[in-house]
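Asks: What follows is each chain in one-letter form.
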Amino acid sequence: DGGITQSPKYLFRKEGQNVTLSCEQNLNHDAMYWYRQDPGQGLRLIYYSQIVNDFQKGDIAEGYSVSREKKESFPLTVTSAQKNPTAFYLCASSIIARDNQPQHFGDGTRLSIL
Amino acid sequence: GDSVTQMEGPVTLSEEAFLTINCTYTATGYPSLFWYVQYPGEGLQLLLKATKADDKGSNKGFEATYRKETTSFHLEKGSVQVSDSAVYFCALSASGGSNYKLTFGKGTLLTVNP
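Protein sequences appear in the order of chains Y and V. Heads up: the first sequence is residues 1 to 114, going by my numbering. Heads up: the second sequence is residues 1 to 114, going by my numbering.
If you are wondering where the hints come from, they were derived from the structure by calculation, not from laboratory data. Bear in mind that the values here come from a model prediction, so they are computed numbers and not experimental data. Do not take every clue at face value.
What the hints assert, rightly or not - Simulated crosslink set (SDA-like; lysine to any residue; CA at most 20 angstroms straight-line):
hint, chain 1, residue 1, chain 2, residue 2
1, Y, 9, V, 45
2, V, 106, Y, 42
3, V, 52, Y, 100
4, V, 77, V, 112
5, V, 77, V, 11
6, V, 56, V, 70
7, V, 106, Y, 70
8, V, 56, Y, 102
9, Y, 83, Y, 29
10, Y, 71, Y, 29
11, V, 106, Y, 88
12, V, 60, V, 79
13, Y, 9, V, 40
14, Y, 9, V, 41
15, V, 106, V, 26
Please work from the sequences and hints to get the whole structure.
Replies: Below, the structure written as structure tokens:
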């Protein structure tokens, strides 16, 4: 079955450490997105990519980095500059980055600080 | 900027009760509107969508009508089941521009008791 796979499901980070969250999709979608979910705040966009080797900052990009070297992969790195990284991270994809195209979500990665 | 306001929860209903979750939005132009559902520990799943005024989205007994005059997209279901217990998110995708992000409401937790 086609879908979006995020790994790991749970991740722990030590202070000052960078960690990378994986997102892979086999839906042949062009556009991919990373969201952060905090309790009671809905979802906020971190980065998005409309095509391979191109990506744009979302609303809360500071302390995060991404790459898009392959169509199916969009890893997110949470750097040590992100001072409050504890959250639920969701990756999504859509056929193309158009306003009427629904986004399909993975099952998320929960990041916690040790 | 764009925003989505949905009724605060939690909402607790008995099985077979009628459900309404209110959602209003602020956006320029003609956004597309979505309802997503999130079950515990999972990502978001698209429940329904509407892309223009007076469109009605429907799925699994849930319905929502795009009302441009009241800038609303309220979610309704005539008879809820225990399995409908989840968090529901209203979202919009603004028309035009180069940023096709989804703007989410804060989510409404629904609990259905047998």
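Asks: So, for every hint listed, does it hold in this structure?
Replies: Each hint tested on the structure:
no. : hint            : verdict
1   : Y:9 with V:45   : holds (17 angstroms)
2   : V:106 with Y:42 : holds (4 angstroms)
3   : V:52 with Y:100 : holds (9 angstroms)
4   : V:77 with V:112 : holds (12 angstroms)
5   : V:77 with V:11  : holds (13 angstroms)
6   : V:56 with V:70  : holds (15 angstroms)
7   : V:106 with Y:70 : violated (32 angstroms)
8   : V:56 with Y:102 : holds (16 angstroms)
9   : Y:83 with Y:29  : violated (32 angstroms)
10  : Y:71 with Y:29  : holds (8 angstroms)
11  : V:106 with Y:88 : holds (14 angstroms)
12  : V:60 with V:79  : holds (11 angstroms)
13  : Y:9 with V:40   : holds (13 angstroms)
14  : Y:9 with V:41   : holds (10 angstroms)
15  : V:106 with V:26 : holds (14 angstroms)
When the structure is compared with the earlier hints, violations turn up for hints 7 and 9 and for no others.
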